[in-house]
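*Asks:* Chains as they are written, first to last, in the numbering used here: chain A, 1 to 447; chain B, 448 to 894.
Hints are computed from structural coordinates only; laboratory data are not their basis. Check the hints yourself; a few may be wrong.
Below, simulated DSS-like cross-link-like pairs (lysine-lysine); rule was C-alpha separation at most 25 Å, straight line [said to hold, decoys possible]:
#1 B:Lys558 - B:Lys749
#2 B:Lys749 - A:Lys199
#3 A:Lys113 - B:Lys590
So the chains spell out like this:
2 protein chains.
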Amino acid sequence: MFPGEGLVLKPEEMAVYGADSSRRSAMPWAVVRPRTEEQIVELLKWAEAEKMPLVPRLRGTGMSGGAVPAFGGIVVSTLWLNRVIDINADDFCAEVEPGVITSEFQALTQKQKLFYPPDPASLKISTLGGNVSTCAGGMRAVKYGVTRDYVLGVRAVLPGGRICDAGGRAHKNVVGLDLTRLFVGSCGTLGIFTKLILKLLPLPESSATVLAAFPSLHNALEGARGVFRAGILPTAMEFMDHTACQGIGQIKDVPWPRESTQAVLLLKVDGSASALAYELDRLERALSQANPSCLLKGLGPKEEEPLWEIRRLVSPASFQLGPDKLGEDVAVPRGRTVEAVEGFQAIGKENGVHVACYGHLGDGNTHVNIIYDAKDEDQRARAKACKEAVFRLTLSLGGTISGEHGTGITKGPYVSWQLSETERELMAGIKNVFDPSGILNPGKGWV
Amino acid sequence: MFPGEGLVLKPEEMAVYGADSSRRSAMPWAVVRPRTEEQIVELLKWAEAEKMPLVPRLRGTGMSGGAVPAFGGIVVSTLWLNRVIDINADDFCAEVEPGVITSEFQALTQKQKLFYPPDPASLKISTLGGNVSTCAGGMRAVKYGVTRDYVLGVRAVLPGGRICDAGGRAHKNVVGLDLTRLFVGSCGTLGIFTKLILKLLPLPESSATVLAAFPSLHNALEGARGVFRAGILPTAMEFMDHTACQGIGQIKDVPWPRESTQAVLLLKVDGSASALAYELDRLERALSQANPSCLLKGLGPKEEEPLWEIRRLVSPASFQLGPDKLGEDVAVPRGRTVEAVEGFQAIGKENGVHVACYGHLGDGNTHVNIIYDAKDEDQRARAKACKEAVFRLTLSLGGTISGEHGTGITKGPYVSWQLSETERELMAGIKNVFDPSGILNPGKGWV
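In isolation and in its complexed conformation, chain A is listed as follows:
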């Protein structure tokens, strides 16, 4: 079924297929690399007959172990299904195979003045298939939504080799239950994708960015409120807390006053070039009412770049504070962000670990980096206690334990904290409809 390099059996070659960005890993029983949908159909016929677990995988940039064969099975890499079948500027629609790299796809769309908004941080190496499997988010979700909002259709092979063609190229479609969005974020538990139909937008002419530093989290949130109240829907609205700012300050000159800065906001707007100068003024006025200690503007990609470079340093800079981190991605109702971040900081103090909060304020989606030293058993225990307290606070604020990364294996034990037995039973029932033998990515998700 898988001639030549299509089958990998040597442990040293397989190891890389057993890990992902969660830094968890497990050795696959075998790895197969189909080149065609026909091979996947054959594989799923055989696997269903043999009750053989399969773990679908692409670039392994997932943060929660969704692609790790932690409960055994054959890893199925669909990276070789990587054709861009069609990008159509009249239909505002693309058809791609799952292995296409997100940023390469975006570059192709831009050539036709088209725009695929989802922008997970991993987009330079992650794939569209992986993004759809996890319903990847990103910074532009405030204005443009997440991956879910750009999936018009999914073609998937199901256990037994049946093919499901959900959705299609029409932008509106309400015939039958919404199988398309059910596949989005299902983490390879319902079928193996062989084709995706994606929605595109016209490419905005340009963009502009504002960075504002504030003497308190409250001021920063007041600034964010002012922006929304002015009727501005920013493309991105990122924030960094005191700890995140400090980390950056240790590896780079920063434009804000180090002592007095408790929070930094970074906002992007996009649209037509002439309108943007005006939008930038409105942004500045809205933010100024919350008394920022520093406000920098950039009009167009060249001026914006240095401001966004600062944001990208948050994650590497956190290692200035400790050698290891737990990177959580909780989300709370947008207005509860101050309570959440203050609470997360207090939890860090109580447990004696650094907690850096940053991320997508516009979505209430906070990345909580718990920084510790994994070699120290006591610190490991405190980091875990801290993570669990973060989840409890998040849920008490009406939030979710995962805004972007999915539950995979790292959050598996906590899913029942959020979802009731009824919801989990419904999900298990739906899973059973697609995969009655439970061979697709067993043990992941919501069980």
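Got chain A; can you put chain B on it based on the hints?
*Replies:* Showing chain B alone in chain A's frame:
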């Protein structure tokens, strides 16, 4: 369980609960009108035990008979569950009961400078619960998407009285399978809604409108292309074909040259007031390249209103051409609209009935009004043949037989033209997980 007016049994009072905007009707076995979730829980416990079919219903503005008890059962009107529980300008989120009227909710959000974009034509009388049941669309879908894109959570009572709380107030949430969107558009077949959590946006400051008339459908589509190519994502992009324009011309003075006009485009943009004057110029430039014979602009609601009044006349004006109509809502990939509309017009000619096409060009979502005289048996047969030919052409262009209205009963016989056996089996399996006895809105949808 339902004291006083909560139970309706007199045929003359029940009749209205058996009809909807599809103009189909059937007499309910009984009508119940719960005031509380507890009553719905009791009802669903009893109905599950008795295997009693239930047909959930709100305002009955659906166009495809989804709320008609065509296969028997008790109609459950949740119109009395009509509280707006919360509209929160910090969370950009609202919690409502299903019976809240869409336009009344929108007026409340606007008072807080918030914006709920879905705008089905029926919004002055339709309910949010009905909109979610059908995944209602509308004119603003080009820029803002459909109802699905604004549902963050759904609370529903399932057969047996179990309660499912899907989703929540966080704008991003990827824990478990996406039950929330599965409920959207499920036409009352999975559960009875008792609460909806809706996403809100900041209210755009103002809007502007352009009307442009063209000597051919091709010119109109070229104009639409030019708009998108300029990087403009219009709020709405409506079109009306020659027949629709003629119908309007019979009841109103029209601004375009009657003889030479084959298509009219109507576009809206929104944003900040100052940026809009500039956006309007860009729109005009983009459209002018496609040689419109007439171009009118309106900046702000007062100037825009007369232009949109014309659009609202399409449906009443169609009755100038005949006493009865079949109103279909097919959608094709956006770039296939000219082929589709020319094809629909040709199908009308072949079958000797008037066909007026208009609607949401930006979504490829065309309303096809087949106008005929239902008293004439031959015309009835020709209208039906015409409708079926419209569906066949739509599907051959990669489209869907319903972009907005759902399948209900009127499109039930045609669902298998679009969905494969595999897709229908999956849907039936999912339905069975929620409703194993098949008591919720039996016979509707995708069977």
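*Asks:* Could you tell me which of the numbered hints above are not met by this structure, giving the numbers in increasing order?
*Replies:* 2
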